[in-house]
Every structure is written in C-alpha cells, then in structure tokens.
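Colleague: Residues per chain are reported as follows:
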Amino acid sequence: MLDVKQLSARYGHVEALHLIDLTVGANELVAVLGPNGAGKSTLLRSIMGLTSSSGRVTFAGTALPRRSASAIARRGVVLVPEGRGIFAPMTVAENLQLGAYQIGGGGAEFAARLQHVLSLFPRLKERLSQTAGSMSGGEQQMLAVGRALMAKPKLLMLDEPSLGLAPKVVAEIMETLGRLNAEGLPILLVEQKAPLALKFAHRAYVIANGRVAAEVNPREIKSYDELARYYFS
Amino acid sequence: MIDPTYLGQILVNGISVGCIYGLIGIGFCVIYNASGIVNFAQGAFVMLGGMTAYLLIAKTGLPLLAAGVIATLVVAVLGVALERLVVRPLWDRNATMFVMILATLAAQIVVERAMLLMVGDQPKSIAVFTDLPPIRIGGVAIGYQLLWIIGVSVVLISALNAFFQRTLVGRAMRACAIDREAAALQGINVSGMLALSFALSAGLGAIAGFLVTPTQYTAYNVGTPFAISGFIAAIVGGFGRPLGAFLGGIILGVSQALAVVTFGSGMKNVAALSVLLLFLFFRPTGLLGTAK
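Residue numbers (this note's numbering), protein chains in the order written: chain Y, 1 to 233; chain S, 1001 to 1292.
In short, the hints are calculated from the structure, not lab data. The C-beta atom is built at its ideal place from N, Cα and C for all residues, glycine as well.
Which stretches of chain Y does chain S cover? Using the computed rule of at least three CB atoms under 8 Å from a CB of chain S, they are:
{"hint": "1", "segment": "68 to 77"}
{"hint": "2", "segment": "91 to 99"}
Here are a few chain Y residues that face chain S, going by a calculated C-beta distance under 8 Å:
{"hint": "3", "residue": "Met48"}
{"hint": "4", "residue": "Pro81"}
{"hint": "5", "residue": "Phe87"}
{"hint": "6", "residue": "Ala88"}
{"hint": "7", "residue": "Gly105"}
Generate the whole structure from the sequences, applying the supplied hints.
Modeller: In structure tokens:
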C-alpha cells in the first residue's frame, strides 16, 4: 500500500534521512524503531509532506504529493503527530468533527463513524462537550487517535503514541490499535519503546542516524540487546 | 463640570465610530487567526467599500442597499486578489512577519494611488441610509446613521460568532488559528482558509467603509487612519480575539470622542495612542486575549 523509495531529508546542512526504503502492505502493522533523534518523526513528516524531502512515496500505486499534507490526508493517509496535535481550546466533539472534515462533519456517515470511535474509546463519550485541553494526557491521545479514525483512514500513521503516558493507558491504546489492524487497517507506528511496538507489529524497521539499520521480524528477535546493537550502529 | 447630556452625546458618537474601528479590528483578527499575518492593507478595504458604493451610486444610479451589497462583494473579491497576488507568494516562501507587513503596506499605498488616479483627490460621500431627523432621548440626539452603524455591527458580530462556533468551515478556520499543521493533517485546505479569511476581512472592511461614509466622507487616503485605529482596537481587545477587537474599537472611539471635546480635535490621535500605550504597559494581552 505504502511504498517509500530513496527518501532523503535535510534540516539545513544536517541530513536527517538518507535514502530510506520502506513498505507497508495491506493489513500490516509496521513499526519504526530507533533512538531519539534517529529520524523517525522526520520520516513520517516527510511522507505527509510536512518536511521537504527527495525520493518517491507512493500510496496504493500512485505518487503522493510532496508538499501538501491536506491533499495527502484527503487520499486517506492520516497521521497522529507527536504531541497529538489536538485543538486544545475546542471541545472534544469539535475535534472529532474536524477529523471528519472531508465528509462535511455531519450526516449518517459521520454519525456512524462517531459511534464507532466512541465505542473504541468510551471515555470520550463522557467528555464530548469538554475542551480537549482540559483532559488528561491519555484521554488526549485517545482523542487524537479517535479524530484520525473519524477520517476513515486507509493508512494510519502514529508518531510515538506512548510518549508521556501511564503504562495502563498505553496498553489500552495499543490494544485498540492492534484490534483495528486485525480488522484490516494498515498501520505505520513510530515508537521508541521497542518491546511495546514489537508486541503488535508484523515487521519492524530500525532507524539509526537517518538510515535503515535493519528490517526485523519481531518473532525472530531473541533479545533486545540485538536491537540495541542496531540502534548504535 | 461636563453637562450629562453633552457627555451622553459624546458617548453615542464614540460608540458609533468605535463600532467602525471594531469591524476593522475584527478584519485584522480574522486574517491573523487564519495565517499569523498582520494585514496592513486593511484600511484599503474600508476606503474601497465607501468609494465603490459611491461610484456605483453616482455612475449607475443603483439604489443604496444594492450598491452596498455589490461594493462588499467586489471588495471581498479584491481581498482574495490581494491574498493571491501579494500574500500567497510570500507565504509560500515562509516570509517573515516583517516582510508581510511591508508587503501589505505597499499594497495599501498602491491601492490608494490607483484610486487617486481614478477618482481624483476630492472627498466623496453618499446619502445617509435613513433620511429622518435624529431621535432625541433625554436631550441626546441619535442620528439614524449611528443606529445603522451600531445595529449592523452587532448583527455582524453575532453572525461571525455563529459562523466560527457553529459551522464546520468556521471551526476549520479556528483550527487553522490554533495549529495550522494539525489542521492540514485533518485534510483542511489551510491555504484555502487563508483566501477565505482575506475575503471575510475585506468584506468586513468594506461594510465598515459603506456604513461610515455617510457620516464623514471617503477619499483615496482615508484608509491609513482607519487601519491604524482598527489595529489599535485589535491590540486593545487582545490580538486575534474578534469580540475583543470590537470592544477595543468602542473603547478607542469613546476615548477619542472624549479627547476631542475636552482638549480639541488635535488630541484625537493622542488619545488613540495613549489608549494603546496604556494597554501595552498595563495589560499587554489586551482585554480578552493572550498575546502571541
């Protein structure tokens, strides 16, 4: 579904990504692992056209526009960014409605999507009229994922969804992502916490210094020391 | 001691002109919220509103209301043209705020000079909307044009509030104001919102110009003073807060009216700048805002 070829990105003179090749197949959950500053977030930002990059990114057989995140989102590639990107002064309901912006934020289809999201994250149902910024970090992350699902994505990308959250909340969110993937939603998950990501992933890429250091099968990983070696390669 | 009737008259006049400043200030906020740009060509929209209405009435004999509606639409389109031709190319190149301010100021000057060449330097005016003697309440004369200004301003504020709070496009514009990148990730066309913000803002400026022209006059060079007053109103209200800008406009209008009758007409600008300085010193976030 997603095919990234020879993707490179720079911040001034610093090369953040170097000729990255990566794929996400239909129904796959692919993890991108690596230490802080390895280029994981830049990878997702480059795919979404938020960071200027060179190389080729195709989705479902056609090239994605290089510098228009909104056009890419309209193609069904949806990113839950690092830091969640929720609209804090707006209510939870407004945030969820904006997730379904492409279908006009109303009507039967919207109602069905909202019901689906609220069934996945029942806590949001109690908070619909509350401002998003007044919720806990975990609830905000649920909202960010829920809002992304309101777009009915064809590919969901998440940037460090566990960041700063309690383990119980992280487990809850990851279980939901695993369930969505099992229902057929392809997911590209950037995560620093390797054991967590590998528990759900079908495949994983390890990125270090802006390069793909290894592509691993989670079931073949015998110890995390093996992964750590790639981290510092 | 000032005669209470006289004071009442000053307040009414101040509120009326303050509503105009408020509408212009809201125009600043709408564009700033959608894009982070301070558009100093805002005064040109005010001048163009009054002048286009005048030209439509004088040259084609259109009724007043039709001229006002057409003038507003024409200026809204010109607002989009300004966005496409001047702002967008710079925005796409990530131009700094300083460059944007200079560019929009330059656009204001170009529009002024073009109007000077087209219609000359003589002031123009249009008839009051309701040609009846003023209403008298306890000795205070309230002209119908003042009621039009206050009434239309209140209706516009309510309509804008409903637009931003209740419609999907309004919410999308608010989302762009909060976090442009996150808005784009929802599939919201952020650059389309920028064009819409210029259309809205230009339309508001045009309505302000159309409303105020019968009480004063319009000329090629009225835009800059209006832009300055609207900008001060926006700062006093808390930049980016439309309701704050409206309240800021009223504070500014009343302060100017009080200064004119107390110290003379030469103190009008001193009053405006004093209000600005007082807020910058003692409440830099403005009435309702958090400074960005």
